[in-house]
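Produce the complete structure using the sequences and hints provided.
Top line first, the protein sequences correspond to chains V and P. Okay, so the first sequence: first residue is 1 according to UniProt numbering, each after it adds one. Okay, so the second sequence: first residue is 1 according to UniProt numbering, each after it adds one.
You can take every hint at face value.
Pair by pair, the computed Cβ-Cβ distance ranges are:
1. V:Gln59 x P:His232: 49 to 59 Å
2. P:Glu93 x V:Leu196: 27 to 37 Å
3. V:Thr210 x P:Asp187: 30 to 40 Å
4. V:Ala262 x P:Glu255: 23 to 33 Å
5. V:Val234 x P:Glu69: 32 to 42 Å
Just a sample of chain P residues kept apart from chain V, beta carbon distances all over 10 Å, derived:
6. Leu35
7. Phe38
8. Asp39
9. Ser45
10. Glu79
11. Ala191
12. Thr192
13. Thr193
14. Val194
15. Leu196
16. Arg199
17. Ser215
18. Glu223
19. Asp237
20. Glu239
Below, a list of computed lysine-lysine pairs in the DSS-like style, where the Cα atoms sit at most 27 Å apart:
21. P:Lys169 x V:Lys169
22. V:Lys200 x P:Lys169
23. P:Lys200 x P:Lys169
24. V:Lys169 x P:Lys200
25. V:Lys200 x V:Lys169
Don't read these hints as lab results, they were simulated from the structure. Each residue gets a CB set at the ideal place from its N, CA and C atoms; glycine is no exception.
There are 2 protein chains.
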Amino acid sequence: MVFGRACPHAATGTPGTMGEGAMTPVDELDLVLQLPLFDGLEPESGRRLLGPSLHCEAQAGVNLFQQGERPEYLHVLIEGAVELRCVDPTGHEVVVEVVRPVDCFILAAVVTDAPYLMTARTLEHSRLLLIPAGHLREELYRQPALSLVLLGSLARHYRALVRQIKDLKLRTSAERVGAFLLCLALDQGGATTVELPYRKRVLADRMGMTPENLSRAFARLRECGVQNQGSHVVIEDLERLAEYCRMDTAIDRVEAALRVPAQQVLPDSSESVPPSRAQGTTDT
Amino acid sequence: MVFGRACPHAATGTPGTMGEGAMTPVDELDLVLQLPLFDGLEPESGRRLLGPSLHCEAQAGVNLFQQGERPEYLHVLIEGAVELRCVDPTGHEVVVEVVRPVDCFILAAVVTDAPYLMTARTLEHSRLLLIPAGHLREELYRQPALSLVLLGSLARHYRALVRQIKDLKLRTSAERVGAFLLCLALDQGGATTVELPYRKRVLADRMGMTPENLSRAFARLRECGVQNQGSHVVIEDLERLAEYCRMDTAIDRVEAALRVPAQQVLPDSSESVPPSRAQGTTDT
Numbered sequence: 001m002v003f004g005r006a007c008p009h010a011a012t013g014t015p016g017t018m019g020e021g022a023m024t025p026v027d028e029l030d031l032v033l034q035l036p037l038f039d040g041l042e043p044e045s046g047r048r049l050l051g052p053s054l055h056c057e058a059q060a061g062v063n064l065f066q067q068g069e070r071p072e073y074l075h076v077l078i079e080g081a082v083e084l085r086c087v088d089p090t091g092h093e094v095v096v097e098v099v100r101p102v103d104c105f106i107l108a109a110v111v112t113d114a115p116y117l118m119t120a121r122t123l124e125h126s127r128l129l130l131i132p133a134g135h136l137r138e139e140l141y142r143q144p145a146l147s148l149v150l151l152g153s154l155a156r157h158y159r160a161l162v163r164q165i166k167d168l169k170l171r172t173s174a175e176r177v178g179a180f181l182l183c184l185a186l187d188q189g190g191a192t193t194v195e196l197p198y199r200k201r202v203l204a205d206r207m208g209m210t211p212e213n214l215s216r217a218f219a220r221l222r223e224c225g226v227q228n229q230g231s232h233v234v235i236e237d238l239e240r241l242a243e244y245c246r247m248d249t250a251i252d253r254v255e256a257a258l259r260v261p262a263q264q265v266l267p268d269s270s271e272s273v274p275p276s277r278a279q280g281t282t283d284t
Numbered sequence: 001m002v003f004g005r006a007c008p009h010a011a012t013g014t015p016g017t018m019g020e021g022a023m024t025p026v027d028e029l030d031l032v033l034q035l036p037l038f039d040g041l042e043p044e045s046g047r048r049l050l051g052p053s054l055h056c057e058a059q060a061g062v063n064l065f066q067q068g069e070r071p072e073y074l075h076v077l078i079e080g081a082v083e084l085r086c087v088d089p090t091g092h093e094v095v096v097e098v099v100r101p102v103d104c105f106i107l108a109a110v111v112t113d114a115p116y117l118m119t120a121r122t123l124e125h126s127r128l129l130l131i132p133a134g135h136l137r138e139e140l141y142r143q144p145a146l147s148l149v150l151l152g153s154l155a156r157h158y159r160a161l162v163r164q165i166k167d168l169k170l171r172t173s174a175e176r177v178g179a180f181l182l183c184l185a186l187d188q189g190g191a192t193t194v195e196l197p198y199r200k201r202v203l204a205d206r207m208g209m210t211p212e213n214l215s216r217a218f219a220r221l222r223e224c225g226v227q228n229q230g231s232h233v234v235i236e237d238l239e240r241l242a243e244y245c246r247m248d249t250a251i252d253r254v255e256a257a258l259r260v261p262a263q264q265v266l267p268d269s270s271e272s273v274p275p276s277r278a279q280g281t282t283d284t
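Structure (structure tokens):
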């Protein structure tokens with residue numbers, strides 16, 4: 001068991017790293033395996049997957065990997081926050097995603113051994129598990145259940161990007177911020193007071209706007225009852241905001257978890273589509 | 001073998017459908033299985049997967065499914081073109097992806113049985129295979145190799161969306177069109193004359209711009225040696241265009257295929273990361 005091995009980011013001398021990662025008790029490993037991310041894995045399979053993981057801590061502002069590198073690890077964020085940025089050859093940067101615990105990044109590159117398309121940087125002090133990429137791919141061949149877990153995770157990430165593209169192409173800046181706030185509120189069971197999960201610079205970056213544009217967006221949102229003071233936002237009327245943002249709450253919300261449904265018990269026949277289902281469907 | 005069953009889109013009476021799908025010879029099924037999409041599947045496994053598929057033909061302008069519906073089939077496009085659109089509650093629409101043969105859509109919804117986030121519409125007369133979603137998920141449990149094939153396919157789609165978000169957030173309209181043309185040229189081995197793969201209305205939609213903006217973008221591209229007449233584009237100097245678009249050709253190009261690499265022969269040990277690899281990597 002090498003869980004708790006030193007963080008490779010310490011070894012590279014990246015500025016701002018915290019040095020050796022602390023040993024992680026086996027209890028914590030069990031805790032990690034109970035997370036939605038690994039739901040569907042037998043405990044024994046999970047321990048086998050995480051066995052050679054490294055435990056890593058990093059301060060804010062540390063690059064965990066660079067766009068263009070080949071993936072060495074699947075990064076699992078346990079605590080903290082990480083931003084995934086695209087950089088162009090002239091040095092312009094843009095945030096594509098902000099990862100919050102507990103989630104993994106970037107699965108698509110790791111499973112296919114393709115170069116990272118994004119650079120990962122910690123936004124705050126973070127704790128991570130690093131699953132060696134080669135080990136993960138080996139386990140994919142050994143454990144069919146694992147590939148189903150990862151298919152679900154990758155599907156969720158894919159769908160989050162579809163929503164972001166919809167946001168970028170269909171909504172104004174103010175509508176985009178409004179939709180983001182509404183998702184936060186709905187995730188908290190319909191709360192009318194929400195805390196912004198990260199600083200406004202990061203929020204602006206994530207929304208693809210300048211800090212000035214973000215301020216203008218908040219100013220516009222005041223007209224439909226959204227009050228903002230610092231990191232604190234009060235939404236007077238969720239429905240009014242949803243209408244303003246042209247939200248379809250049934251499909252605009254990012255899923256907390258997605259998985260391949262458990263195997264259905266079906267007759268072993270090639271006639272697996274009852275005629276009634278071959279008529280197309282409108283059930284939503 | 002019900003391959004060649006009638007197209008469900010005919011049964012629903014969707015305007016513009018072509019009625020019954022033609023029977024597909026078994027030869028063609030074997031041909032389909034040789035496609036990169038199914039690479040990695042044993043012929044027997046592939047035939048088992050495609051066995052209950054429906055063969056479907058549709059004219060241009062047919063909705064194959066609607067955003068919000070639960071997926072009944074994995075659609076595999078054999079011939080033609082299909083656009084995937086997001087629609088907001090007020091009826092505004094935007095193209096997220098244009099699918100070209102041979103590719104499948106939308107895997108993320110089908111494997112997780114989550115509602116479609118996009119509406120699929122044929123752009124031209126198209127031929128499709130429809131793999132029943134329930135059957136596909138059953139086969140995922142029966143055939144571990146299939147989930148690896150689908151992980152590769154989903155990873156490729158995920159990465160295409162990352163590139164699109166980068167495009168939308170980092171590039172101007174003209175740079176976006178330039179990058180698109182450059183990818184076309186590179187896909188043809190560095191050709192300096194390319195044909196636009198779809199009409200300009202669709203291209204504008206796909207780029208997230210109006211037809212007028214697209215014309216202005218082409219006008220701007222003339223300054224760096226891009227001549228456009230109808231569907232025909234001549235690029236004088238690929239490098240000059242790449243510089244103008246701030247392309248990083250190593251990572252900006254959409255991969256034609258991505259797969260989970262074949263299992264490596266590694267010593268069966270939890271020490272699967274040699275110390276030299278735990279130092280981080282800079283090899284690109």
